[in-house]
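A.B. asks: Here are the chains, one letter per residue:
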Amino acid sequence: MINWRTALLPPALAIIFAMLLSSVALLISGANPLEAFATMGAQLFHGNTAVSTVNLAIVYYLAGLAAAIGFQMNVFNIGVEGQYRFAAVVAAIVGAWMELPPVLHVIAILVVAMFSGALYALLPALLKVYRGVSEVITTIMLNSIVFGIVAFLINPEQFGVLHGNNLSTAEIAPSGRIPGIPLGEAGTLFGFIVIAGALGYGYWFMLTRTRFGFELKASGESKTAAAAGGVSARKMTLAAMLLSGAVAGLVAMPELLGRDYVYAMTATQGYGFTGLAVALLGRNHPAGIAFGALLWAFLDRSAVSLESIGIPSEIATIMQGTIVLSVVVAYEIVRRADLAAEQRRVGRAGRNGQPAGVAEGGAV
Amino acid sequence: MAGVLAMAGCAKDSGGDGNQAAGEGGGGEPGSCVTNEAPAAPEGNGEEQTTEHGDIDASDHKIGLAFDVGGRGDASFNDAAAAGVDRAVEDFGAEKGSESPAAGSESEAAKEQRLRQMAEQGNNPIIAVGFAYAEAVGKVAPQYPDTEFALVDDNSVDEKNVTPLVFAEEEGSFLAGVAAAYKTSECQVGFVGGVQTPLIQKFQAGFEQGVKAAGGDNIEVKSEYLTPAGDISGFNDPAKANVKSKSMISQGSDVLFHAAGASGQGVFEAAAEGDALGIGVDSDQYKQKTLADVKDVIVTSMLKKVDVAVYDYIAAVADGNPDDLPERFDLSVDGVGYSKSNPDIEDITEELEGYKKAIVDGDVEVSETPEG
Amino acid sequence: MTEPEPVVELTGITKRFPGVVANSDVHLTVRAGEVHAVCGENGAGKSTLMKILYGMQQPDEGTISVGGQVVELRNPQDAIRAGIGMVHQHFMLADNLTVRENVLLGAEGRHGMGRKARAELTKLAERTGLHADPDTLVENLGVADRQRVEIVKVLYRGARIVILDEPTAVLVPQEVDALFETVREMRSDGYTFIFISHKLDEVRSIADEVTVIRRGTTVGTVDPATVTSRELAEMMVGSELPSPETRESTVTDRPVLRISGLRLDADDSERAVLDDVSLTVRAGEILGIAGVEGNGQTELVETVMGMRKASAGTVELASGDGELRDITRLGTLARREAGIGYIAEDRHRHGLLLRQPLWSNRILGYQTRKPVSNGRLIDPGAARRDTERVVEEYDVRTPGVEVLAGALSGGNQQKLIVGRELSGEPVLLIAAHPTRGVDVGAQALIWEQMRAARHDGLAVLLVSADLDELIGLSDTIRVMLRGRLVSEADPATVTPTELGSAMTGAGEEAA
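Residue numbers (full-length UniProt numbering), protein chains in the order written: chain X, 1 to 364; chain L, 1 to 372; chain S, 1 to 511.
Hints listed in this document are in silico derivations from the structure and should not be mistaken for laboratory results.
From a predicted model like this one, the values you see are computed outputs, not experimental measurements.
Please note that the accuracy of each hint is not assured.
Here are some chain L residues the structure puts well away from chain X; computed CB gaps all over 10 Å [to be verified]:
#, residue
1, S32
2, R72
3, K289
Have a look at the derived ranges for each label pair, beta carbon to beta carbon [to be verified]:
#, chain 1, residue 1, chain 2, residue 2, range
4, X, E332, S, E402, 15 to 25 Å
5, X, I137, S, K370, 39 to 49 Å
6, S, T136, X, V133, 26 to 36 Å
7, S, T29, X, R209, 51 to 61 Å
8, L, D361, X, L183, 51 to 61 Å
9, S, S249, X, V136, 54 to 64 Å
10, X, I16, S, E402, 23 to 33 Å
11, X, E332, S, V70, 28 to 38 Å
12, S, T63, X, G270, 51 to 61 Å
13, L, D344, X, G270, 40 to 50 Å
14, X, V133, S, Q77, 30 to 40 Å
15, X, L9, L, E90, 53 to 63 Å
16, S, H131, X, L122, 45 to 55 Å
17, L, G93, X, G30, 27 to 37 Å
With a Cα cut of at most 25 Å, we get these calculated DSS-like pairs of lysine-lysine [as the list claims (entries may be wrong)]:
#, chain 1, residue 1, chain 2, residue 2
18, X, K235, S, K309
19, S, K51, S, K199
20, X, K223, X, K235
21, X, K223, S, K370
We put the CB at the ideal spot given by N, CA and C, even for glycine.
With the sequences and hints as input, model every part of the structure.
C.D. replies: And the structure:
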């Protein structure tokens, strides 16, 4: 859709609203909002914060894409969280165990990760399609189960390695790593950004150019209309869930293959949930999700920067929450206004100047 | 009438294995489950040996403190680290620098950013609390060679300007195990771990060995964890700890040792309700204000003196010789130990001191990993 | 005999939804102690009107008065307070609660939960002929009993005026008779009923007065004792529409669709929704299916489209070389690809993606075919261009193809659908109520296009409730009753009257 007003106005409004609200919170807590916002802005020009923001955004972007694929089909895949962690630990173990030449090794790990993510989404998908069990319930349960699976797998008695007091998988050999893009002082950008970009393009292409994408969107909007058009809602639900799981499987890969090379007990959690918010912010559009991911990562970084001037980092959390809430509301308002405007426009285009009512049908 | 009779019967039953102590209100005599004699206590029993730091001036040092999840006020090792810094500020005139808690699910990069931010603001030394910082410290320390870093609970980082502050948790927990063995009258004790990580397993290992050293096979130890590795909620879930503890008590355990951070409160509450005893962890929990209501059940606490280590570390940095610090804060340097603030412990301090000496002397070796 | 006072009076009710007017200047007068039927085809605006009367929707214009007082019904609670209750077509009962709990739930304030409530419940159960034990779980009750529970529920809340929304749709004939018996008894106890239906014979047997609604407005109120079913049918479907005459036959002897022995079982029972349906449509022929709604036409269409799985029988379609090919096992998409175009009965549910632009709707059902697709990839440019062509040729009034389908009026939406379905070079067009709810202009255009396509050799299976449309367009008419094709009519000679009686199963077989 090329309607820029519809696309850009809501997030802009949401950000302004979030800034106003957090200003109030800052004033109440006795801090100066201007100083806070200045610090947040300045962090981008400081040390390697800008690069690490982008790095984090890459991870969020993948999580956002995974969630968005589900949203396209009206599937609420809360399980991105569990899927990515399951995939991460499996890929880390398999990746460390495999011995392959450089590029092949990386590809093999990515395939394992996508496969594992999809596998972890399979059960909820089957339950939804064949038994009508809500994917929300099943994926939440699987999110919780993944703790046990990760803990089990990284136990030294299974595949784990103990260093210091930390547990992790064994290290992936250099052939299985994705080299970063060195930016000197500013740090190193994840090489995965290329893959993430390609994935975003692939997502866009799939949705707008392929039959599968069309069927996915159609089925997501109206199962009945899609069925009449020859699209099986079951098949689409299954496909969306598995595809979402496969992309979720990649979420931890930038960090695993670009920085950590192991999946540890202390590995960051919660990317999956962030992904849901990011997809919501980006309205499931590949560029929108990129914007949402950057914004979210920026706010995450701000939380730490704000510590340095003694402002509680919760301010950043408040902003994140407000933005998501208000962006949803704003989109809905703008959408309704646009629909009404369009109906008026259509009405004028009709030769009689009015949409025909049923009553004009020549009744007695 | 029938009820009274039944109760009498009960009391008799629970007296256990023809042990003489059956008369006393539903349980055996403390110490009745102990089968092995304690090693001899040293002369001059139980005096605190505190390191004396002469006149140290740390006024040109600004101390940065990067907390683990929870931060100041967690009544556990974050607080202990903060207490060490506070004392150093008071005693050595050091300047208090940045202090910042980690968010619940923050990324690795956030930790790095925090450490960097502190280094750039001129904090030196910077103390990172918790092994979750290991990776970040390993990465940031080389970039700031003139800044000293301390890493609590982890010794895996091999950098010149990084000093590990690690503890022999298993040794302190061993003594907790001995205390439990002496205090149980049901010949069954329990361990409640917060999260099943290698670190917490050290507490479990020491505790189990301590119980065994005193009671042999006569005392059963039940060990339970609240959450698996990776799910840190186990350190902050008193309700869950309470349920688990209650079930352990109902199964016969009457002394519970916890290594579960803020969840410990639930353990003590269950003990107070179920007529059992609790053993605290990290700091002297008998004295903790938040636990004042249940302090009577806290017979002792296994001490992990993060505050002392941090204090000593700051002194050593000010003195210019952080490498002289002990490689591991164990019983011999009083880095770990047990608390004596609850008078109920007095009757067994001699035995505890005996075991302590045996460990310090190397007569008893304590393993870091639990059996099985 | 003096006329009793009106208890419910609707005056000048108008309700607009975006793009359509659902009710326009509706007048309805219901007197105390009568059974007043409201009749009309699906989509004529009956349910909107009842929702307004039950407080679920507010009219844009007009007034409602109950017992002589003008009232404002903002929600169902207001309606209940005014003594109006509604028994929905789809029951609103909690299966896992008992009969008593269902009745009392939310109405504890009236008689409490104790003995008084019990006594009241017993009294009402007797009055409505509900014999089930009040402590049985609702899930153990049959449909007829559930309906009575619903009625008791409404009465328990103090209703004196009961709206029955298509109460017979779910009942077998004996149950219908029993229900009518109950309604008659209760009428003599002073209750008033508003009875929604489109089944003419039922209306005639139970109602004291009938108000007919057509295309959103009231056509008139008549005494069922003095009108015939035929006259009622004429009022409902109208006979003064623009004539859809076809004439000069283009029927060939080349069969395009052949259905033999088609059977479809209902989802939940052994009952057949379609029973031994056999028909043949030839190239250049429009075969019309007449019938009162709910007699299996929808199911027939959806089974032929592959949206439902036939329990028995075969569907064959002519392939490129004119040979019939068995398509019974194919899915919807494969059937569409084999050359079936489909104008669905409910365009919002089955025909369009309302939140997608027009060009995206052009792709729906054609996502594998030229020009909009090459099988795997979609060509949005070609889709836009072809949509522009459809917009031009079929006179879809829109500022452009980027407009969302939901913003168009019903008639323009339907023109878009017809244009789309005739663009895929179909050999067979299935048209279910192709002109329902569209304006006269769109109707004329759609008829024109269907005639032209027929002339070019298209086979059409037309299902319509509009008898004039059926007679005017069809080359052959088959009448469907209770899932079976019962009779055949020649549109050249048959009158709507004859067709109407054949549809109700009352009259003799037409010609």
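A.B. asks: Determine for every hint whether it applies to the structure shown.
C.D. replies: Status of each hint after checking the structure:
1. S32: 37 Å, holds
2. R72: 13 Å, holds
3. K289: The claim stands: L/K289 keeps its Cβ more than 10 Å from every Cβ of chain X (closest is about 24 Å).
4. X/E332 with S/E402: 15 to 25 Å: For X/E332 and S/E402 the Cβ distance comes to about 21 Å; the hint holds.
5. X/I137 with S/K370: 39 to 49 Å: 43 Å, holds
6. S/T136 with X/V133: 26 to 36 Å: Holds - the Cβ-Cβ distance for S/T136 and X/V133, about 29 Å, lies within 26 to 36 Å.
7. S/T29 with X/R209: 51 to 61 Å: 59 Å, holds
8. L/D361 with X/L183: 51 to 61 Å: 56 Å, holds
9. S/S249 with X/V136: 54 to 64 Å: 58 Å, holds
10. X/I16 with S/E402: 23 to 33 Å: The hinted range 23 to 33 Å holds for X/I16 and S/E402, with Cβ atoms some 29 Å apart.
11. X/E332 with S/V70: 28 to 38 Å: 36 Å, holds
12. S/T63 with X/G270: 51 to 61 Å: With a Cβ separation near 57 Å, S/T63 and X/G270 satisfy 51 to 61 Å, so the hint holds.
13. L/D344 with X/G270: 40 to 50 Å: Because 44 Å falls inside the window, the suggested range holds.
14. X/V133 with S/Q77: 30 to 40 Å: Given about 35 Å between the Cβ atoms, the range holds.
15. X/L9 with L/E90: 53 to 63 Å: 56 Å, holds
16. S/H131 with X/L122: 45 to 55 Å: Roughly 50 Å apart at Cβ, these two residues keep to the hinted range, so it holds.
17. L/G93 with X/G30: 27 to 37 Å: 29 Å, holds
18. X/K235 with S/K309: Distance of about 17 Å is within 25 Å: holds.
19. S/K51 with S/K199: 20 Å, holds
20. X/K223 with X/K235: Status holds; Cα separation ~11 Å.
21. X/K223 with S/K370: Distance ~24 Å between X/K223 and S/K370 Cα, so the pair holds.
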